[in-house]
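Novice: Each chain, letter by letter, is given below.
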Amino acid sequence: MARITHGLTTSHIPAVGAAIDLGKTAEPYWKPLFAGYDWTKAWAKENVPDVIILVYNDHASAFTPEVVPTFALGCADQFPPADEGYGPRPVPVVQGRADLAAHLAEGLILDEFDLTLMYAMEVDHGLTVPLSLVYGQPDAWPTRVIPFAVNVVQYPPPTAHRCFMLGKAIRRAVERFDEDLNVHIWGTGGMSHQLQGPRAGFINTPWDTAFLDRLVKDPDSLAQLKHLEFVREAGAEGIELVMWLIMRGALGPEAEELYRFYHVPGSNTAVGHIVLQSVETP
Amino acid sequence: MTSYTAEFDDIPGTRVFTAQRAKAGYELNQFCMSLMKEANRERFKADERAYLDQTKMSQEQKQAVLDRDYNTMIDLGGQIYFLAKIFATDGLSYLQAVSTMTGMNIDDYQQMMLHGGRSPEGWRSIKDGN
Numbered sequence: 000m001a002r003i004t005h006g007l008t009t010s011h012i013p014a015v016g017a018a019i020d021l022g023k024t025a026e027p028y029w030k031p032l033f034a035g036y037d038w039t040k041a042w043a044k045e046n047v048p049d050v051i052i053l054v055y056n057d058h059a060s061a062f063t064p065e066v067v068p069t070f071a072l073g074c075a076d077q078f079p080p081a082d083e084g085y086g087p088r089p090v091p092v093v094q095g096r097a098d099l100a101a102h103l104a105e106g107l108i109l110d111e112f113d114l115t116l117m118y119a120m121e122v123d124h125g126l127t128v129p130l131s132l133v134y135g136q137p138d139a140w141p142t143r144v145i146p147f148a149v150n151v152v153q154y155p156p157p158t159a160h161r162c163f164m165l166g167k168a169i170r171r172a173v174e175r176f177d178e179d180l181n182v183h184i185w186g187t188g189g190m191s192h193q194l195q196g197p198r199a200g201f202i203n204t205p206w207d208t209a210f211l212d213r214l215v216k217d218p219d220s221l222a223q224l225k226h227l228e229f230v231r232e233a234g235a236e237g238i239e240l241v242m243w244l245i246m247r248g249a250l251g252p253e254a255e256e257l258y259r260f261y262h263v264p265g266s267n268t269a270v271g272h273i274v275l276q277s278v279e280t281p
Numbered sequence: 000m001t002s003y004t005a006e007f008d009d010i011p012g013t014r015v016f017t018a019q020r021a022k023a024g025y026e027l028n029q030f031c032m033s034l035m036k037e038a039n040r041e042r043f044k045a046d047e048r049a050y051l052d053q054t055k056m057s058q059e060q061k062q063a064v065l066d067r068d069y070n071t072m073i074d075l076g077g078q079i080y081f082l083a084k085i086f087a088t089d090g091l092s093y094l095q096a097v098s099t100m101t102g103m104n105i106d107d108y109q110q111m112m113l114h115g116g117r118s119p120e121g122w123r124s125i126k127d128g129n
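Going down the list, the protein sequences come from chains A and B.
At position 278 of the first sequence the residue is numbered 277 (numbering that gives the first Met the number 0), and the sequence of numbers has no breaks.
At position 78 of the second sequence the residue is numbered 77 (numbering that gives the first Met the number 0), and the sequence of numbers has no breaks.
Just so you know, these hints were derived from the structure itself, not from any lab.
Think of the CB as a built atom: it goes at the ideal place given N, C-alpha and C, for glycine as much as any other residue.
Check before you lean on any hint, since a few could be wrong.
Said to hold, decoys possible - 35 angstroms max Cα-Cα, derived DSBU-like pairs, lysine-lysine:
(1) B:K126 x B:K61
(2) B:K55 x B:K22
(3) B:K44 x A:K167
(4) B:K126 x B:K22
(5) B:K44 x A:K23
(6) A:K167 x A:K225
(7) B:K22 x A:K225
(8) A:K23 x A:K40
(9) B:K22 x B:K36
(10) A:K23 x A:K167
(11) B:K55 x B:K44
(12) A:K216 x B:K126
(13) A:K44 x A:K23
(14) A:K225 x B:K126
(15) A:K40 x A:K167
(16) A:K40 x A:K225
(17) B:K126 x A:K30
(18) B:K22 x B:K44
(19) A:K23 x B:K36
(20) A:K216 x A:K40
(21) B:K61 x B:K36
Stated by the list, open to error - Only some residues are given here: those of chain B computed to face chain A with a beta carbon under 7 angstroms:
(22) L94
(23) Q95
(24) G115
(25) G121
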């Protein structure tokens, strides 16, 4: 059977993608940020999963003002990089895993998560920047990726609780897949940041640190957080952190922290990154 | 306005993009999406006014775009990830564009970010003053 063995979260700042694409990662501004991913890059080389379920949000790339799916599952064979206004990022086309995606669609919808299913979708920096941070600039990504897009752009986004429950349902559905697969789940976005209005530039390091601690040890309490607290304490765009709870829900009750990194600033954003291993409980 | 939406208005300097604002900003955000095509970016840059006049945006929305007044665009239903297509067309980064909404110049804003960002103190709640 398939198993979710590891979870990873990371911010998905567009300027980080631009720094990689333009060869600026050794510049003084960016160097400490990229150094924070060195451990993960080495680890990821030794621990290539068969599939990553990559939870992210679209930033007005695949989803126009005409359609706002709360949860959208990528069911296609391939997902090309989107042109976000600067031209598409020079990154490999993401290779999907349509059979597992179809299985997830069935399992999750029958488990009462009413997904939107995407059979053609371009993916933006929300999905490709995390892949670049972990895998660098290969000719092809080393693993298959199932994109899982969450609306965190238009309010209300899904609640933290719903995201946590969805993660648990993803774990159940993966475990019902017959083939032996090693599956990783990534949650992306965050941490504290605000990209709009006079409050832009908002960063709350103590709150972010506590969030990381609770993500490992006490995710149930994070699932109770209201949207208002995310916006008040983590900034308007800090709401992206609800996506991390999908990752955490999918790891099961206990998780071991393998690595953590936190850095301010990445452009307008507090960069948060954690790697977790699921602890099987008998 | 629902109580859910109203609660966010207690947070200083912030407009969350509600379903109500999405309706008000629909044409503005659709215009932004049109800039994802290179040919449209070129047409817009060649004659901004003419390009905007082909849309169904309100005069206020058009003027805010011409002025690159992002706070007003947000007040008129724009959302930052849609609006990003405008500043991408201008060749600006998020940092450069976002700083224009704060009343700070880009250097001061960049320095604030390098020193840990805007402190939450005083920016949490209007009614609680914290």
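Novice: Next, verify each hint and record whether it holds.
Specialist: Status of the hints after comparison with the structure:
1. At roughly 34 angstroms between alpha-carbon atoms, K126 (chain B) and K61 (chain B) fall within 35 angstroms of each other, so this suggested pair holds.
2. Pair hint K55 (chain B) plus K22 (chain B) holds up; C-alpha atoms about 13 angstroms apart against a cutoff of 35 angstroms.
3. For the hint pairing K44 (chain B) with K167 (chain A), the CA-to-CA distance comes to about 48 angstroms; that exceeds 35 angstroms, so the pair is violated.
4. Straight-line distance between C-alpha atoms of K126 (chain B) and K22 (chain B) comes to about 28 angstroms, which keeps the hinted pair within the 35 angstroms bound.
5. The hinted pair formed by K44 (chain B) and K23 (chain A) meets the criterion: a straight-line CA distance of about 28 angstroms does not exceed 35 angstroms.
6. For a cut-off of 35 angstroms, the pair hint linking K167 (chain A) to K225 (chain A) stands: about 19 angstroms separates their Cα positions.
7. For the proposed pair K22 (chain B) and K225 (chain A), the alpha carbon gap of about 24 angstroms is at most 35 angstroms, so the pair holds.
8. At roughly 18 angstroms between alpha-carbon atoms, K23 (chain A) and K40 (chain A) fall within 35 angstroms of each other, so this suggested pair holds.
9. Pair hint K22 (chain B) plus K36 (chain B) holds up; C-alpha atoms about 23 angstroms apart against a cutoff of 35 angstroms.
10. Distance hint between K23 (chain A) and K167 (chain A) is unfulfilled; the C-alpha atoms sit about 39 angstroms from each other, more than 35 angstroms.
11. A C-alpha spacing of about 19 angstroms is found between K55 (chain B) and K44 (chain B), which places the hinted pair at or below 35 angstroms, so the restraint holds.
12. Between K216 (chain A) and K126 (chain B), the direct Cα distance comes to roughly 33 angstroms. Compliance with the 35 angstroms bound is thereby established for this hinted pair.
13. Annotation: proposed proximity of K44 (chain A) to K23 (chain A) holds, straight-line Cα distance about 23 angstroms (limit 35 angstroms).
14. Using a Cα cut-off of 35 angstroms, the hinted pair K225 (chain A) and K126 (chain B) holds, with the two alpha carbons roughly 18 angstroms apart.
15. Distance hint between K40 (chain A) and K167 (chain A) is fulfilled; the C-alpha atoms sit about 27 angstroms from each other, no more than 35 angstroms.
16. As the CA atoms of K40 (chain A) and K225 (chain A) are separated by approximately 34 angstroms, the hinted pair is consistent with the 35 angstroms bound.
17. A distance of roughly 41 angstroms separates the Cα atoms of K126 (chain B) and K30 (chain A); the hinted pair therefore is violated under the 35 angstroms criterion.
18. A threshold of 35 angstroms between alpha carbons decides the hint, and for K22 (chain B) with K44 (chain B) the separation of about 27 angstroms falls inside it, so the pair holds.
19. Only pairs whose Cα atoms come within 35 angstroms are accepted, and K23 (chain A) paired with K36 (chain B) is accepted, the gap being roughly 26 angstroms.
20. Note on K216 (chain A) and K40 (chain A): the hinted pairing holds, with a Cα-Cα distance of about 24 angstroms set against a maximum of 35 angstroms.
21. Of the supplied pair hints, the one linking K61 (chain B) and K36 (chain B) holds, its CA atoms being roughly 19 angstroms apart against a limit of 35 angstroms.
22. Contact between L94 (chain B) and chain A, as hinted, is supported at the beta carbon level, the nearest pair being about 5 angstroms apart and thus within 7 angstroms.
23. With its C-beta approaching chain A no nearer than about 10 angstroms, Q95 (chain B) sits outside the 7 angstroms limit, and its interface hint is violated.
24. At about 5 angstroms, the closest approach between the beta carbon of G115 (chain B) and any beta carbon in chain A falls short of 7 angstroms, and the interface hint on this residue holds.
25. Taking 7 angstroms as the C-beta contact cut-off toward chain A, the hint placing G121 (chain B) at the interface is violated, the least distance being around 10 angstroms.
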